[in-house]
Amino acid sequence: MSALFRFHGGIHPPEFKALSNGTPIATPPLPARFAVPLSQHLGNPAKACVALGERVLAGQRIGDADGRISAAVHAPTSGVVSAIGPHAVAHPSGLLQDCIVIDSDGLDNWCAPSPLPNWQDAGDDEIRTFLRDMGVVGQGGAVFPTSLKLGVNTLEQLIVNGAECEPFISCDDRLMRERAGEIVDGIRIAAQLMRPRTVLIGIEDNKPEAITAMRAACAGSGFEVVAIPTLYPSGGAKQLIRILTGKKVPHGVRATDMGVQCFNVGTLYSLKRAMMDGEPVISRILTLSGDLARPGNIEARIGTPFAHLLAWAGIQPDSEGVIMGGPMMGFDLPSLEAGVSKASNCLIAKSRALFPPRPPALPCIRCGECASVCPAELQPMDLYWFAKAKDLGRAQEADLFDCIECGACSYVCPSQLPLVDFYKFAKDEIWAAERDKKAADRARMRHDFRQLRLERDKAEKAQRLAARATPAPASSAAPDPDKAAAIRAAMARAAEKKAEDSHAPAKTPLSDDAKRAAIEAAMTRAAANKAARESAVSTAAAPGDEAKRAAIEAAMARAAARKAAQGAAAGAEAGATPVAMPASPSQPKPAIDDAKRAAIEAAMARAAARKAEQGVEVGAASAAMPSQAKPAIDDAKRAAIEAAMARAAAKKAERDAAQKGDN
Amino acid sequence: MSGFLTALAIMAALAILLGAILGFASVRFRVEADPLVDKIDAILPQTQCGQCSFPGCRPYAEAIAGGEADINQCPPGGEDGIRKLAELLGVDFKPFDEGAIEVKPKSVALIDETTCIGCTLCIQACPVDAIVGAAKQMHTIIASECTGCELCLPPCPVDCIQMVPVGTTVANWKWSYPVIPIKAVKA
Amino acid sequence: MHAPYIARPSTVSVIMLKVLLALLPAIAVSVWFYGIALLVQLSLASATALLAEAAMLRLRGVPVAPFLKDGSALLTAWLLALSMPALGAWWLIVVATLFAIVVGKQLYGGLGNNPFNPAMVGFAVAMVSFPAQMAHWGMPHGPLDSAAQLAWIFSRELPAGLSLDAISMATPLDYLKTQLLLGGSDIASLKQAPMFGHIAGVGSEWVALAYLGGGLFLLQQRVISYQAPLAMLAGLTALAVPLWLWQPAHYVDPLFHLVAGATLLAAFFIVTDPVSGPTSARGKLIFGFGVGLLIYVIRVFGGYPDAAAFAVLLMNIAVPLIDQLTRPPAFGKRKRTKKAGQHA
Ligand code: SF4
Ligand code: SF4
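For the protein sequence lines, the chains are A, B and C, in the order given. Just so you know, my numbering puts 101 at position 101 of the first sequence, and the rest follows in order with no gaps. Just so you know, my numbering puts 680 at position 17 of the second sequence, and the rest follows in order with no gaps. Just so you know, my numbering puts 999 at position 149 of the third sequence, and the rest follows in order with no gaps.
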C-alpha cells in the first residue's frame, strides 16, 4: 500500500449517497423520442451524417467527429431521424444546440457490433480513430475525447478515478460494485496502451462495497485499489493525482508531462465496451436522486429526455427544479426536454427540505475560511474581491484560472457569498474579452492590408497609364468595367478548364506561351503558398488553421486565375465546362443553374485571389521586421518578389485579353 | 518670522529645482516613436466604421494622441472603451454626447442574395475585405470577418444588405454578474 | 441560486457570538475586581454602537436588520469598553464608540470594508483627545460601591471625603514608565508597590488570564487561528527578553509585558480581527509579529503607557502590502503568478 498524500483544504459536506446507492442499476423503458446532442464532448460538435427521415439502428453512427478534438455520436435506439437542428440541451444557459432527434420504432434493433479485436497490435492512430468514431469521451465531467488521452507510452502512474466525492452521486459506486470486471478490462486496455509503471485505483473510503468489488476484480492484475479518505473534492483529477502520487499538476500543465494520467471508471468501462464488445457509447450510468419516489441508478440511453427519466423515478410534486450534476458543481436544468448526454452523471430533484435557501449574503469579512478549504490553494476572497470589482486583470493575476470551481469556498463562507458565481462570471468575461481582442486584431490586419493594396493598385495604375501613354498614345483608356468584368469571368472559367487540364500535363505539347504561363503559375502558387505560410507564422494570433487553409486555397485559386489569363492570351476557348473550384469559400445554392454557378465560382476565385494577395502582403510585412530570422526574410522577400512578378504577368495577360476582346 | 521666511525660501527653491529636473527629463527622455498611438489603437474596436469622423480606427487613434479628437467619439467601443481610453490617457471619463449614439447589439451584415445585382459597390466599401463577389455576380459576406461597421449599407443601389444581430450561442454565452440580494435597496 | 446548492450553516453572527462568549470570563473577572462600572460601560457602548450602526446603515441605504444581526457592532463596542478605563465618564465611551462605528467602520463601507480595527480607532481617538480622562483606572476592590461608581460615571460626583486620586490609579505599566523616567529606583524595588501582584497588576493579571482562556476557546472553536496571537506574543518577547537580560533593572521582565496591560486582549481579540488583518497564514505571522514589536517599542520608548491600539493601527496600514506579498502560490505552482500587466 503506497503512502497517501494530502491536498490542501477540502470539506466534508453531508453525503446523501444512501439515497441512491442501495439499489442495483435499473433500466427504465425507452422513451418514444430521443434528442441526441451533437456536442457532447469538449471540442468541435460532431457533424450529422444522417439525413432527415433516415432509418437508423441502435449503435449506428449519426454524427461524425469533426477535427481532432471531437468525437462521434451514435443512435441510441432504432428509429427514424425526425429532426436535426436546435433543441434544448443540458446547459446552464438554456440556449438551444444542434441535436439529432430520433423517433423510436420501439424495436430497438441494433446494428452489427464493430469491435477492435486486435487492439493489442493496432497502431496509435488506428486506436485513436476507432475511439473517436466510437464516441468514447471522459465521463468524469470534462468529457474530453478519450482518443486524445491515450497513446503516451512513458507513464509512471495510471490513475483510475473512482473517488466520486460529490454528495448525492453514486453512479460510479454502483458501476464499480456491479461491473468491476468490465472496468478492470478497460483498465487493462488503457494500461496496455500507456504502459504505466503502476496503476492506482482511488476510491473514497465511504464506498466499502465498491472497494471490495474492485479489489476482487483486480486480483492478480497488479493494479492497486487504494481506499482514500473521504474528503471533497478528492475526485477532482488534480486532487486525486496528488493524493495517490504526491504530484501536483499545476494549471496549464498536462498531467502526462508529469508522468501521470487519470481516467474515470465510467470512461474505462465505455472504453472496454467499445474495444472488446464493439458497442459505441450510447448509454451511461446516471444517478437519479433527491426528491423522488424511487431514487437510484439507471443505465440511461444517450438522448433520453430528462423528463422521461424523472417521471419514471416518480418526481414529487413539491420538487422545485432539477440539478444536473452534483450539488457542489452542478447547475439548474433549464429544460427537462433536453436529453441525457455523455456528461450527465446525476439528476437531483430539488426540494426545500433538501436544499434550504441560503441565508442572505453579507459582505466578505476576510475570515479566511475559504482559503483554508480551497484545494487549488488560492485566496478565494481576493478572487471574489477582484471579480466583484470587475478588475479582471488582477483576478487573473491572482490565478483565477487555477480555480476548479469546486465550490468548497462558497460552502464554508460564513457570509454565505455565492463565490463561484463570481469566478464563473469573471472567467467568461475574460474569455469574451480575449475573443473580442482577437477579432479586433484580425480586423486591424485586414484593414491595413486593404489600405496597402489600394495604395499599391493606385500606384500601379498610374504607372500603367504612364507606360501606355508613351508608345501608343492613340490606344483607348482602360476597358469599361462591365466588359472587363465579363472578360475576367470568362478568364476564370477558362482557368477552371485549364486547371483540369493541368492534371494531365502530357496531353498536348505546350506552346511557348503556354509553357511560360505554366511556369509562372507554378511560381505564383509557390510564392503564394510560401506567403500564406509566412503569414500564418508571423501572425500566429490572428489567423487560425482555417485562415491558413483559406489563404493557401486562395493562393491556389489565384494561380489558377493567372493561368486563365495566360490561356486567354494564347487564344484558349472560353465557356468550358465548369468544374468545382478548390477555393470556393461558401457553397452556392443548389438551385442556381450550372452556368450561373460557374460565374459565381469565378467571382469567388477573384475574391480568393485578393485574399492571396493579402497573404503575400503579410509575408512582405514580416520580411520588413528586423526581428525575423534571416532565412525567413529572404524567403519572404523572394516570395513577395515572385508574387509581384506573377501579378504583373497576370495583369499583362489580362490587358492583352481585353485588347483582343476589343478587336 | 525669519523661520517662516527661510521655510518659504527653501520650499520655493525646491519647487524650482524639481520643476527644472522634470522639465529636463521630459525633453531628454522623450520617446521618439509614438507608442501611444499603438496603445490607443489597441483599445479601439477596429470596426473601421468611421463614425468617429476619421477614416478608420488608426487615424482616430492618431487624432486622439495628437490631441485633436476627444475620447468619446467611438460608438462601437462603447462606454467601456471610453473608460479604457480615459485610464490610458489619464483624463476624466467623458460620456457620449447627448443623442450622439444609440447602443446597438453587435451585428453582422447579410446580403440578400436573390436581390443582389452584383455591382461590387459594397466590396469597395468594406474596410476589412469581408465581402466576396465579382461584377454581375452575387456577393456574399464572410460573417466571421465582418466588423459590423455598416459601411456597405449606403452604397448598395438595391438595398439588399441588412444588419443581423449576432445571437448568443452556447459557445459565446457568458455567466452574468451575480446578483446578491442584500445590496443597495434604494438608490 | 447556483452551485454549490448546499452550504455549511455557519454565519457571521455565529462567529461574532462565539467571540462575545469568549469575552464573558474576562468581563466576569473584571467585575469581581473592579465593580459594576465595567457593566455600565459595556451597556453604554453597546447601545451607542447599535444605534450608530443602524443610523449609518439607514443613511447608506442598506437594509438594517441583517447587518445589525451580524453582531459585529456589538463586538466592537465590547472590545472598546474592555480597553477603556472602567471609571471613565459616560460621554468618553459614547464618543469613542461613535467614532469607532461611524468613522472607523461605516464611513469605509461597513462590515468587511474597514481597513482599521474600529475598536482601536475609537480607543486611539479617545487616547489622543482625552489623555487625562484615559489615565485614571479603577483600583482593584476600590473604595467605591456600585451606586457611587454609577454616580461617578454619570455625574462625576464623588462621595464626600474621597478625591480622584483616592479612587483611581495609574496602570502598572504607566506607573513603571513614569517612575523610570523620573529616574528613581530600579524595577525590582518599584515592583514592591502594592499595585503589583504575582506577575503584573493585582487584578489585571487575573483578567489577563481570563482573556487567555477565552482565546483558547476561540482557537479550539477554530474561530481564530493561532498565527497572529502567537506571532504577536513572540514579537513582544523578542524585544523584551534581550533588553531585560541586558539591564534587568531598567527593563521589566518579559512575563510582565506578556500579562500586563492589554497584551492578551490584543493577542486574542484584536489582532485576530479578520477584516482588518491579513488573510494568509504567513501574512498573519508577519502582522502579529509586527504588532508585538511595536507594542514593546511604544510601551518602552514611546509616549504612551500602553500601545496595543497604536501598534495595531500602524500594522493595519501595512495589511494590503502584507497580503500582496504573502499570497501563497497556487496548487502545483512554485511562485505566485507574476504580474500580468502594468498598472498605473
Ligand atoms: S469565507 Fe467568505 S467571508 Fe470568509 S474570507 Fe472567504 S469569502 Fe470572505
Ligand atoms: S471554487 Fe475555486 S476558489 Fe473556491 S475552493 Fe474551489 S478551487 Fe478554490
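Check before you lean on any hint, since a few could be wrong.
Here chain C is said to cover these stretches of chain A; the calculated rule only asks that three of the stretch's residues, wherever they fall, bring their Cβ under 8 Å from a Cβ of chain C [what the hints assert, rightly or not]:
1. 8-22
2. 26-39
List of simulated lysine-lysine pairs, BS3-like, C-alpha gap at most 30 Å [unchecked claim]:
3. A:Lys-247 <-> C:Lys-868
4. B:Lys-702 <-> B:Lys-799
5. A:Lys-248 <-> C:Lys-1183
6. C:Lys-919 <-> A:Lys-388
Calculated directly from the structure, the hints in this document are not laboratory data. All figures in this text were calculated on a predicted structure; none of them were measured in a lab. Beta carbons: idealized from backbone N, C-alpha and C, even for Gly.
So, going through the hints one by one against the coordinates:
1. Counting residues of the region 8-22 of chain A whose beta carbon lies closer than 8 Å to any beta carbon of chain C gives 4, which reaches the threshold of three, so the coverage claim holds.
2. Given a C-beta distance limit of less than 8 Å, the hint that chain C covers the region 26-39 of chain A is violated, as 0 residues qualify and 3 are needed.
3. With a C-alpha separation of about 39 Å, the suggested pair Lys-247 (chain A) and Lys-868 (chain C) falls outside the 30 Å cut-off, and the hint is violated.
4. Under the criterion of a C-alpha separation no larger than 30 Å, the hint pairing Lys-702 (chain B) with Lys-799 (chain B) is inconsistent with the structure, at around 42 Å.
5. Restraint check: the Cα-Cα separation between Lys-248 (chain A) and Lys-1183 (chain C) comes to about 8 Å, which is no more than 30 Å; the hinted pair holds.
6. Between Lys-919 (chain C) and Lys-388 (chain A) the alpha-carbon distance is near 24 Å, which keeps this suggested pair within the 30 Å criterion.
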